[in-house]
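> Turn these sequences into a full structure, and let the hints guide you.
In case you want the letters, here they are:
2 protein chains.
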Amino acid sequence: MAASKCTSLSGALTRQLLDSVDSVLFDCDGVIWRGDQAIPRAPEVINSLKKNGKRVFFVTNNSTKTRQMYADKLGKLGFDATADEVFGTAYCSAMYLKNVCKLDGKVYLIGSNAMKQELEEVGIQPVGVGPDPISGVQIDWANVPLDKEVRAVLVGFDEHFSYMKLNRALQYLCNPDCQFVGTNTDTRLPLEGGKAVPGTGCLLRAVETAAQRQAQVVGKPSSFMFECVASQFDLDPQKCLMVGDRLDTDIMLGSNCGMKTLLTLTGVSTVAEAEANLKSECPHRQRMVPDYYVDSIADILPALQA
Amino acid sequence: MAASKCTSLSGALTRQLLDSVDSVLFDCDGVIWRGDQAIPRAPEVINSLKKNGKRVFFVTNNSTKTRQMYADKLGKLGFDATADEVFGTAYCSAMYLKNVCKLDGKVYLIGSNAMKQELEEVGIQPVGVGPDPISGVQIDWANVPLDKEVRAVLVGFDEHFSYMKLNRALQYLCNPDCQFVGTNTDTRLPLEGGKAVPGTGCLLRAVETAAQRQAQVVGKPSSFMFECVASQFDLDPQKCLMVGDRLDTDIMLGSNCGMKTLLTLTGVSTVAEAEANLKSECPHRQRMVPDYYVDSIADILPALQA
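Chains as they are written, first to last, in this note's numbering: chain X, 71 to 376; chain P, 71 to 376.
Be a bit skeptical, because a hint or two may be false.
[Claimed, not checked] Restraint ranges, calculated between C-beta atoms of paired labels, are given here:
1) V207/X / S293/P: 42 to 48 Å
2) D210/X / H354/P: 35 to 41 Å
3) M139/P / S366/X: 39 to 45 Å
4) V207/X / E190/P: 42 to 48 Å
5) H354/P / D174/X: 37 to 43 Å
6) D247/P / D106/X: 29 to 35 Å
7) I209/P / N213/X: 35 to 41 Å
8) V170/X / P215/P: 42 to 48 Å
9) D174/X / T340/P: 34 to 40 Å
Worth flagging that the hints you see were computed from the coordinates, not collected in a lab. Think of the CB as a built atom: it goes at the ideal place given N, C-alpha and C, for glycine as much as any other residue.
See below:
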């Protein structure tokens, strides 16, 4: 049905699209909420989708919250949601280390308490969470005591990121058997009013530069995020719709995995950017063109309530 | 005289090379010393060069010391050297901000006390040196108080590098009029026994990723380092010999500026790497082939004492 791409979604087309899928995957920030405020009518959209028999999932690159913390926030904002519908990179990184890396040992974690919890939940012991101030001189840093049971370095969002953490990661990663995983490569966390703070991508790039190695990245657009959902809920990508506000993560994930894709304009990317990708002859950029776009996910509500 | 490149330097050739230059520029770590120990006989080499009427300069990407601190270290190890022969990136970055950027205002400095001193020496006021711990939440970070007189961000080696410093640099660099300078891009600081700690390149990469801008880099192989020496001492590059242990910084600087180049094998790079560059058909790699190489700079001593 997606004869042409980057189509404005409205009227009968919306109904047709929804009829063609059984599962809808939503990015969170910029899609169903902004900061601590729900996008107007977004809770009705999610709840109506469920009433219409669709399965709904929340797929986010944010690594600072556990599944349960997300479920609590969703509930508070009026979304009908449970923790097992939430796939954040804190949880997915734990699954990745356990099921893909088959990690047998501890992980040196540059990340949050939420990541620590999700790792412990799957039986992996993280070390390194919290501040790690510097002392001594270079030769002391190079000989910093290491935990001999650490078999992987995991980098997520960490407000306590410091030179000593960067150094500790380097010392672990000098061992070629030590695995190297990053939650995501987002360079900035956008906030209200056009402001932004540095994202995990900056921290990961620093560690990659020191280690002279590339991390395996778990978050969107890596297909692992979808595989994580798909394997647990037996999803057929052709019957899935990926809804997001970013072309380089959400829409790219959808394209990479064979899902239908819907760009919503309440967040980062614009239609002009999508159309520029469409007109380019670059295969990479073609994967950053959504099938459809809407001003807000509230626009699909009439089709759900008809 | 350099008919073929990457030639082992010995015998009459050494004399011929030295006769063809009036100035010799030395990298420091891995060339004239390693850590706190002089390379055997290196002080005799430097002192004999001077006795033979050559001008000698010390050109280093290390940003953690002032010119005076370098002169003191050189003196202690037996080198006949003065502060005005030392060109480190702490000093050269101050010169760059003053003379190239024509900076009119303060600089937000991710760097050391030595960098602070060199900036103050040329009349530039740095802010930000020392620890900068995190507090609050994302929205507080985005609204962190900024110094309205800051007109540039300078990134050098900073053991107090932290998420908050990264964030503060981002907030300054969101202003497109704020200039962005890095001391150097070395990814690691090599230490004895094959150990290493993260170099300034890691910190700079993190800030570049957050700011979505590329820094102007002062250090080798940027030709500014040579121009800084050349303008003060009226050097003719064709009568200069650049001596270093790294192909990607020292030898590349020599090639970029039209100097003769000598690789010494007491540090990072190997002859095999140089020969691989020579055999490659890549113009970029060709600039990382030295004219000559020696096992140690001590090897040129006989030619100086003959």
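> Using the C-beta atoms of M139/P and S366/X, is the stated range 39 to 45 Å upheld?
For M139/P and S366/X the Cβ distance comes to about 59 Å; the hint is violated.
> Determine whether the Cβ-Cβ distance between V170/X and P215/P falls within the hinted range of 42 to 48 Å.
44 Å, holds
> Indicate whether the distance between the beta carbons of D210/X and H354/P respects the range 35 to 41 Å.
37 Å, holds
> Do the Cβ positions of D174/X and T340/P conform to the proposed distance bound of 34 to 40 Å?
Holds, at about 36 Å.
> Kindly confirm whether 35 to 41 Å is satisfied by the beta carbon distance between I209/P and N213/X.
Between I209/P and N213/X, where Cβ atoms are some 40 Å apart, the hint holds.
> Using the Cβ atoms, figure out if V207/X sits within 42 to 48 Å of S293/P.
Violated, at about 32 Å.
> Lying within 42 to 48 Å: is that true of the beta-carbon distance V207/X to E190/P?
24 Å, violated
> Please check whether D247/P and D106/X have a Cβ separation lying inside 29 to 35 Å.
Holds, since D247/P and D106/X (Cβ atoms, about 33 Å apart) stay within the stated range.
> For H354/P and D174/X, compare the CB-CB distance with the range 37 to 43 Å and indicate the outcome.
42 Å, holds
Going through the hint list in order, the structure does not satisfy hints 1, 3 and 4.
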